[in-house]
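Read top to bottom, the protein sequences are chains A and B.
Just so you know, the first sequence maps onto residues 1 to 587 in this note's numbering.
Just so you know, the second sequence maps onto residues 1 to 587 in this note's numbering.
Don't read these hints as lab results, they were simulated from the structure.
Think of the CB as a built atom: it goes at the ideal place given N, C-alpha and C, for glycine as much as any other residue.
Certain hints may be false.
[Unchecked claim] Computed cross-link-like contacts, EDC-like style, restricted to lysine to aspartate or glutamate with a CA-CA straight-line distance of at most 20 Å:
{"#": "1", "chain 1": "A", "residue 1": "Lys36", "chain 2": "B", "residue 2": "Glu167"}
{"#": "2", "chain 1": "B", "residue 1": "Lys14", "chain 2": "A", "residue 2": "Asp177"}
{"#": "3", "chain 1": "B", "residue 1": "Lys397", "chain 2": "B", "residue 2": "Glu580"}
{"#": "4", "chain 1": "B", "residue 1": "Lys258", "chain 2": "A", "residue 2": "Glu33"}
{"#": "5", "chain 1": "A", "residue 1": "Lys258", "chain 2": "B", "residue 2": "Glu33"}
{"#": "6", "chain 1": "A", "residue 1": "Lys319", "chain 2": "B", "residue 2": "Asp587"}
{"#": "7", "chain 1": "B", "residue 1": "Lys264", "chain 2": "A", "residue 2": "Glu33"}
{"#": "8", "chain 1": "A", "residue 1": "Lys36", "chain 2": "B", "residue 2": "Asp210"}
{"#": "9", "chain 1": "B", "residue 1": "Lys319", "chain 2": "A", "residue 2": "Asp191"}
[Stated by the list, open to error] A short, non-exhaustive set of chain A residues, derived as facing chain B with CB atoms under 7 Å:
{"#": "10", "residue": "Leu7"}
{"#": "11", "residue": "Leu8"}
{"#": "12", "residue": "Ala11"}
{"#": "13", "residue": "Leu12"}
{"#": "14", "residue": "Tyr30"}
{"#": "15", "residue": "Tyr48"}
{"#": "16", "residue": "Ala124"}
{"#": "17", "residue": "Asp210"}
{"#": "18", "residue": "Asn213"}
{"#": "19", "residue": "Ser221"}
{"#": "20", "residue": "Leu236"}
{"#": "21", "residue": "Arg318"}
{"#": "22", "residue": "His321"}
{"#": "23", "residue": "Ser325"}
{"#": "24", "residue": "Pro328"}
{"#": "25", "residue": "Ala419"}
[As the list claims (entries may be wrong)] Coverage of chain B stretches by chain A, computed from C-beta distances (three or more under 8 Å per stretch; other residues unrestricted):
{"#": "26", "region": "26-37"}
{"#": "27", "region": "152-164"}
{"#": "28", "region": "176-184"}
{"#": "29", "region": "208-214"}
{"#": "30", "region": "230-239"}
Chain residues, written in single-letter form:
There are 2 protein chains.
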Amino acid sequence: MTKERELLDTALGKEKADLIIEKGKLVNVYTGEIYKADIAIKGKRIAYIGEVKHTVGPKTQVIDASNKYLLPGFIDAHIHIGGTQLTMTRWAEALLANGTTSVATDLYDIGSVAGVKGIRFSLAEAAEMGLNVLFVLPVIAYMQHNPFGNSGRISEKELFEMLNWPETIGINEPVPDWLINRDETMLRLLDETLRQGKLVVGHASDTLGDRLNAYISLGPSSDHECLSGDEAILKLRLGMEIMMREGSAAVNLVNVVKAITEQKMPSAHFMFCTDERDPVELYELGHLNHTLRKAIRQGLNPVTGVQIATINAARYYRKDHDIGSITPGRLADILLTADLTELDLDYVISKGEIVVENGTYIKPTPKVKYPEFMKCKINLKKPTELKDIAITTDKSKDSVKVRVLHCIDGTLVSERKEAVLRVENGEIQPDASKDVAKMVVLERHRGTGQIGKAFVSGFRLKHGAFAQTYNPVTNNLVVLGTSDDDILSAIKEIQRMGGGFVVVDQGKVLASLPLPILGVLSEQPLETVQKDFKEVLDAIRKLGSPFKSHILSLGFMAMAYGIPTYKLSEYGLVDIDKLELVDLVID
Amino acid sequence: MTKERELLDTALGKEKADLIIEKGKLVNVYTGEIYKADIAIKGKRIAYIGEVKHTVGPKTQVIDASNKYLLPGFIDAHIHIGGTQLTMTRWAEALLANGTTSVATDLYDIGSVAGVKGIRFSLAEAAEMGLNVLFVLPVIAYMQHNPFGNSGRISEKELFEMLNWPETIGINEPVPDWLINRDETMLRLLDETLRQGKLVVGHASDTLGDRLNAYISLGPSSDHECLSGDEAILKLRLGMEIMMREGSAAVNLVNVVKAITEQKMPSAHFMFCTDERDPVELYELGHLNHTLRKAIRQGLNPVTGVQIATINAARYYRKDHDIGSITPGRLADILLTADLTELDLDYVISKGEIVVENGTYIKPTPKVKYPEFMKCKINLKKPTELKDIAITTDKSKDSVKVRVLHCIDGTLVSERKEAVLRVENGEIQPDASKDVAKMVVLERHRGTGQIGKAFVSGFRLKHGAFAQTYNPVTNNLVVLGTSDDDILSAIKEIQRMGGGFVVVDQGKVLASLPLPILGVLSEQPLETVQKDFKEVLDAIRKLGSPFKSHILSLGFMAMAYGIPTYKLSEYGLVDIDKLELVDLVID
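Given only the sequences and the hints, what does the whole structure look like? Please build it.
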């Protein structure tokens, strides 16, 4: 029997419902009302709202929702999987446990390593887990085709092919520079996206005035980069819907929500998103349940908050016939909570299946057999030796002045600095006493053997090194260390582990998190991953660095595109403003 | 130069704008604010909002909008062209003059006579005139494939082909019965529509409880059939967006708008529509400018009203990147008015072109050469004779009890009545003294010679007859009269005219409106058409009937599907609930 007939017959009482939720208080996101209503579910979808007795049969399961509110499942309007280091299956498990039943994502982290095949595999994992993925094209993964990108795992041809997939809702965050600088492929992609009636999801960080008008005129219809309520209003006035971001990398909610709570903007054009959420915060704080709770504490009306977390994103992504509300025909993604401000979830129902029961996650997680293309490869051409990571200069010199990439905690924009460093046998030495460490980027996908090297300050590392095979966009092997010996130790250990994060000090491994899937994701559950992740961060802190997230900060320093000023690619130090390589040594 | 580059370069000041609107007060439909802002237009679209001096060049035209409000062009969320009896070109002219720059329509009136070719021809006319058509599939035209429909002008194959057109946004108003009765084609069409991510625009008249849940569960996401605020709220709760209808046939606005003004429902899910607007009302009252004005007089906040008339419909139809607001990249559909409650339009700008200047419509209307398939045909197989329209019974009887289709002014739902009528020589006689007239439906498209006949009350016709080749869906030749002689006269006159409306009394033509395009539309301008139309209605009133719109009322009585109770098809009287033919004579 088709879905249509099942629902039709259940609504008419000819078929019996699989699941009934009775006596609960429905939060109606269309009207803003709260009232008592029962829900009949057939298969994955809602068949009936109201008086459901005629749909109850002998096999119908009943949930008593007395004294509980009924909310639609949450929708994250913009999130990347990579920052959580969980496979899609484990990610879905963790998100569902927190009441997030839908995510808008581009899977660029997976596409940039495993290409279209990897994206298809992950989408299938999500479907198996019952997580709705609102798939938008990973434009960023394609834009690695810049001079200092890496893999070219997604070709131009594939990008346009993916646009035609029926599940592709639009394209994700083309950055303003690409468009304003008239990147041919991007303009053509935008044109084709709009021609197909699909969405252009925007990303307008640091973009105002002429540039903002120009950017919006090309089609982007939303933004998740607002830092304040005023910025949100300015963009909303020009026709961009606003995704209020509260992630691990960028924490904007408290300021942006003022557009609604203080400046009384209509809430219909606002959504919530996390962009990135690291495993520790996902474990300790939760996901959109945390975001919504936090927004309510800022004075947001709870029902308005639920609308922002559900129907608003569903409408923006043109999926309101499918998700975002508790109404007939929609997927049965339903949350039960006793308190509309604390949002502890007693039940989570995902596509008609009870996944959280009495506060406990009960859905069995399938064991996934990952194909070869999903496994981590560290293809370095040849074993790395000390001489490969040395930064050399004229042997006659005792010291040289060098360019230094200065990283700042909490922002992805680096600063251009300089330092005078000691030379030993023609090798320029990092100097922990001056907060100058060495960063190394090893191309790991194609076996080119390319190794970029640079001096980096800001991290305040006193000793040791840490390495990671996950970084935004490139996912190269990136290492930061105070000595070549420790950098080499970290490289060897990460090769032995088969990808992940590792922290070493004087040849000894202090902490590690293996990421055997693509070098980016772990098959372990969130609880394990967050524990290892926390140990890794703690170990780096023991090396002297006070950063909040070293992994994310170092990772972004290896993305040589878009965000100023210096960044390190596999080819060497890049001045992002000029988009060209610069020498380390200043004459 | 592509649209993208033009806008980009204009926003950046490298290109100069074609048109500037300066010093006006912008009604921002995203934020609900009103503030001063200038607008730069390049080609058909808006390039810049705000401080536009850098886009002004020597050839830039400037409109001084001092003391004027700037509104986006209006969007009618559900309208049919047929009821206005104007060709697309003349219709566009009349709508643009009233500030309506976009309409959601299915062109079923054209498709049911001229098929897909006719629809394509009309869409091209609209494009030429600069009217945005949000095209939704004419499901009704297809659903003539019911037992009592007529032409089969759109085949099942064509229906599915049209769904794939890039300009097809969704499908229009499948009626609940078709779905609930499991019409195979309809269920498959719905499924395919949702699979393609397209919209199902609903039509849920007289549908509540189980049936409403069942209907919504299949995908329809809006309704234009609400009669009251309470009904609107009930449907909104179940996830249907509400199109508040104020047309010539159905006048629901005053009641439905209470859902917002009195019951404080969030306005974001409401739109305006007319469904049908006859030429007289279009000429005398206007279009959505009239609807909005009327809503404001009912207590609706004017800015909320503008949102309802613009961005809400644009969002529902997923065209908010294109229309519905004055923001960069959107089509330059902009209205200027000095008064936000009276809404007299000083300027109408359509796709960057000034079409109303200082209150006067100035756009030249092209002379369209209509191909043969757009011309009216009246294919009756053979000349109609008195015996063809007689209703016979047993010659021995003096009188018989008959079924009577009772039509009520202002509703499309008829009542089942009975009457005892005199028999003369075996022919049952209508009886004006009892308000029982005769109605005749002649199939005119395929030359089948089918003629349906029935007795009709409610119109209170004292003498004479009127005939029409336009009716919703079938567009058969339909006549109502008090005597067979006058009915035959009306048929002969309409054949002589080549389609249209005609009123006769004792063989004399009292009034007529020729409709040479399909028998449905006139090439004359609105002013002429409304004058003839009014004369036709006045003439019918002189025959004794007090109805508001006889044409529409009689037309719907010939649509033997969907709306209860009795209707007359070319095959005979149909009981709509059972969907079967019934005898006229009751034993």
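Here is how each hint holds up against the structure:
A threshold of 20 Å between alpha carbons decides the hint, and for lysine 36 of chain A with glutamate 167 of chain B the separation of about 41 Å lies outside it, so the pair is violated. Between lysine 14 of chain B and aspartate 177 of chain A, the direct Cα distance comes to roughly 16 Å. Compliance with the 20 Å bound is thereby established for this hinted pair. With a C-alpha separation of about 27 Å, the suggested pairing of lysine 397 of chain B with glutamate 580 of chain B is violated against the 20 Å cut-off. For the hint pairing lysine 258 of chain B with glutamate 33 of chain A, the CA-to-CA distance comes to about 16 Å; that is within 20 Å, so the pair holds.
At roughly 16 Å between alpha-carbon atoms, lysine 258 of chain A and glutamate 33 of chain B fall within 20 Å of each other, so this suggested pair holds. This hinted pair does not check out: lysine 319 of chain A and aspartate 587 of chain B have alpha carbons roughly 55 Å apart, beyond 20 Å. As the CA atoms of lysine 264 of chain B and glutamate 33 of chain A are separated by approximately 10 Å, the hinted pair is consistent with the 20 Å bound. Annotation: proposed proximity of lysine 36 of chain A to aspartate 210 of chain B holds, straight-line Cα distance about 18 Å (limit 20 Å).
Pair hint lysine 319 of chain B plus aspartate 191 of chain A holds up; C-alpha atoms about 15 Å apart against a cutoff of 20 Å. Hint status for leucine 7 of chain A relative to chain B: holds, with the closest Cβ pair at about 4 Å, below 7 Å. With a cut of 7 Å, the hint placing leucine 8 of chain A at the interface with chain B holds, because the nearest CB-to-CB distance is about 5 Å. Interface hint status for alanine 11 of chain A: upheld, as the beta-carbon distance to the closest one in chain B is roughly 4 Å, under 7 Å.
Taken as an interface hint, leucine 12 of chain A checks out: its beta carbon lies about 5 Å from the nearest beta carbon of chain B, inside 7 Å. The interface hint given for tyrosine 30 of chain A holds, since its Cβ lies 5 Å from the closest Cβ of chain B, which is under the 7 Å cut-off. Because the beta carbon of tyrosine 48 of chain A sits about 5 Å from the nearest beta carbon in chain B, less than 7 Å, this interface hint is met. Restraint check, alanine 124 of chain A versus chain B: the minimum CB separation of about 18 Å is more than 7 Å; hint violated.
A hinted interface residue such as aspartate 210 of chain A counts as satisfied when its beta carbon comes closer than 7 Å to some beta carbon of chain B; here the least separation is about 5 Å, so the hint holds. Of the supplied interface hints, the one on asparagine 213 of chain A holds, with its beta-carbon coming within about 4 Å of a beta-carbon of chain B, less than 7 Å. For the restraint placing serine 221 of chain A at the interface with chain B, the shortest Cβ-Cβ distance is roughly 5 Å, inside the 7 Å limit, so the hint holds. For leucine 236 of chain A, the shortest C-beta to C-beta distance to chain B is roughly 5 Å, which falls under 7 Å, so the interface hint holds.
The restraint placing arginine 318 of chain A at the interface with chain B holds, with a minimum CB-CB distance near 5 Å, inside the 7 Å limit. Restraint check, histidine 321 of chain A versus chain B: the minimum CB separation of about 5 Å is within 7 Å; hint holds. About 5 Å separates the beta-carbon of serine 325 of chain A from the nearest beta-carbon of chain B, less than 7 Å, and the hint is met. Interface restraint check for proline 328 of chain A: the shortest CB-CB distance to chain B comes to about 4 Å, inside 7 Å, so the restraint holds.
At about 39 Å, the closest approach between the beta carbon of alanine 419 of chain A and any beta carbon in chain B exceeds 7 Å, and the interface hint on this residue is violated. With 5 residues bearing a CB less than 8 Å from a CB of chain A, the region 26-37 of chain B meets the requirement of three and the coverage assertion stands. Coverage of the region 152-164 of chain B by chain A is violated in this model, with 0 residues showing a Cβ closer than 8 Å to a Cβ of that chain against a need of three. Coverage of the region 176-184 of chain B by chain A holds. Counting CB-CB distances below 8 Å, 3 residues qualify, and the rule asks for three or more.
A stretch counts as covered by a chain when three or more of its residues have a beta carbon under 8 Å from one of that chain; for the region 208-214 of chain B and chain A the count is 5, and the coverage holds. Residue count for the region 230-239 of chain B with a Cβ under 8 Å from a Cβ of chain A: 5. That meets the three needed, and the coverage hint holds.
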